[in-house]
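**Q** Generate the whole structure from the sequences, applying the supplied hints.
Its first residue numbered 293, the sequence shown is counted upward by one per residue in the numbering used here.
Hints listed in this document are in silico derivations from the structure and should not be mistaken for laboratory results. Check the hints yourself; a few may be wrong.
[Unchecked claim] So the derived label-pair ranges between C-beta atoms look like this:
| id | residue 1 | residue 2 | range |
| --- | --- | --- | --- |
| 1 | Arg-466 | Ala-322 | 36 to 44 Å |
| 2 | Arg-455 | Lys-525 | 21 to 29 Å |
| 3 | Arg-521 | Arg-419 | 24 to 32 Å |
| 4 | Thr-396 | Asp-509 | 42 to 50 Å |
| 5 | Asp-325 | Gly-420 | 18 to 26 Å |
| 6 | Lys-373 | Pro-549 | 28 to 36 Å |
| 7 | Glu-514 | Phe-477 | 17 to 25 Å |
| 8 | Arg-455 | Pro-344 | 39 to 47 Å |
| 9 | Ala-522 | Met-293 | 38 to 46 Å |
| 10 | Arg-521 | Gln-598 | 36 to 44 Å |
| 11 | Pro-549 | Pro-596 | 17 to 25 Å |
| 12 | Arg-320 | Ala-522 | 43 to 51 Å |
[To be verified] Here are the simulated SDA-like pairs of lysine to any residue, each with C-alpha atoms no more than 20 Å apart in a straight line:
| id | residue 1 | residue 2 |
| --- | --- | --- |
| 13 | Lys-432 | Glu-392 |
| 14 | Lys-432 | Leu-467 |
| 15 | Lys-347 | Phe-298 |
| 16 | Lys-347 | Tyr-369 |
| 17 | Lys-373 | Glu-348 |
C-beta: ideal position from N, C-alpha, C; glycine also.
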Amino acid sequence: MDLPTFVQIEPVGQCNLQCRMCPVAFRRDAPPDGSPALMRFDHFVGLIEQFPGLKELHLQGLGEPMMHPRFFDMVAYASNKGIAVTTNSNLTLMSDTRAERAVTSGLAGLHISFDGATPATYEDIRRGANFHDVLDNIEKVCRARVRLQSTRPALRLIMVVMRRNLEELPDLIRLAHRCSMSSVFVQHLSHEFGESALPPEYEPMRAFIQRETLTGDLNRVERYFDEARAVAKEGGIELRLPRLQPPIYEQETIGRPRCEWPWNGSYITYQGYAIPCCMIATPDRGHMGNMIDLGVETVWNDLPYQSFRNRLESDEPPEICRSCAVYKGIF
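**A** Right, here's the structure in full:
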């Protein structure tokens, strides 16, 4: 089948923070010699060259992309080929020099992970970060855009909403407005880690999500969502909120109507492993083969990918998909 026009590549497989809802600390694919978990730049170039119709590239994985010393070289390489490049970052590593490169590299969108409107909440969730330092780093990017007379990268705030930060959602939108954000993307906790074959080290993530999910207190959630909508409308902020309950699917609604990833998008880890989507996050929970070693087209059309697609379109989808917020329609 045709190669996708959207690709997500993980430049870095480690992080400088320990965020409560992120399983990066449980990864088992770190380099055995203790070296940084970085995608080689030549491997990155080789992958991009194997997607001749690539239109969109998202540089993000289970790690902080800007830990890669050649991150902005990756952005510039793809951008110079006419590819729209975006990234997600905790923005703790921004400097004036990097802020300028965020503009000059051709980065189309910078999505900033920010999960609290107060230092206490934010720093409790994004452990190791400093609330005011990140706000200063956002300002560095804004100043660079003004200085270089550019509207890019477009700034978007990404919030993972949960019980402990729900009440701060309206104030977080006000903060986004003050920080020249054009949009706020609010997402639910992405995966329940409910598969029976879950590696035991992921059990703390399963327990955390069970405690923090919003699915059990819908009246309270809707109250804050309504207030958030009003604040966003007043400030001219584009706001995306997750569903509170799964949509009512027809019984036969399976496969692509629920999730298009295995057909329309490719997710590649820093080592080159193709995994079904960004929600699975790590290759130890399931992968289709290594695109660096075997080649993009070979893996994309090989039996593991075909088998996964067939199962996702059946009455018995892969167990790992059944725990996914995207598949359930509540991401």
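**Q** Against the structure, test the hints numbered earlier, and report the numbers of the ones violated in rising order.
**A** Hints that this structure does not satisfy do not exist here, as all of them hold.
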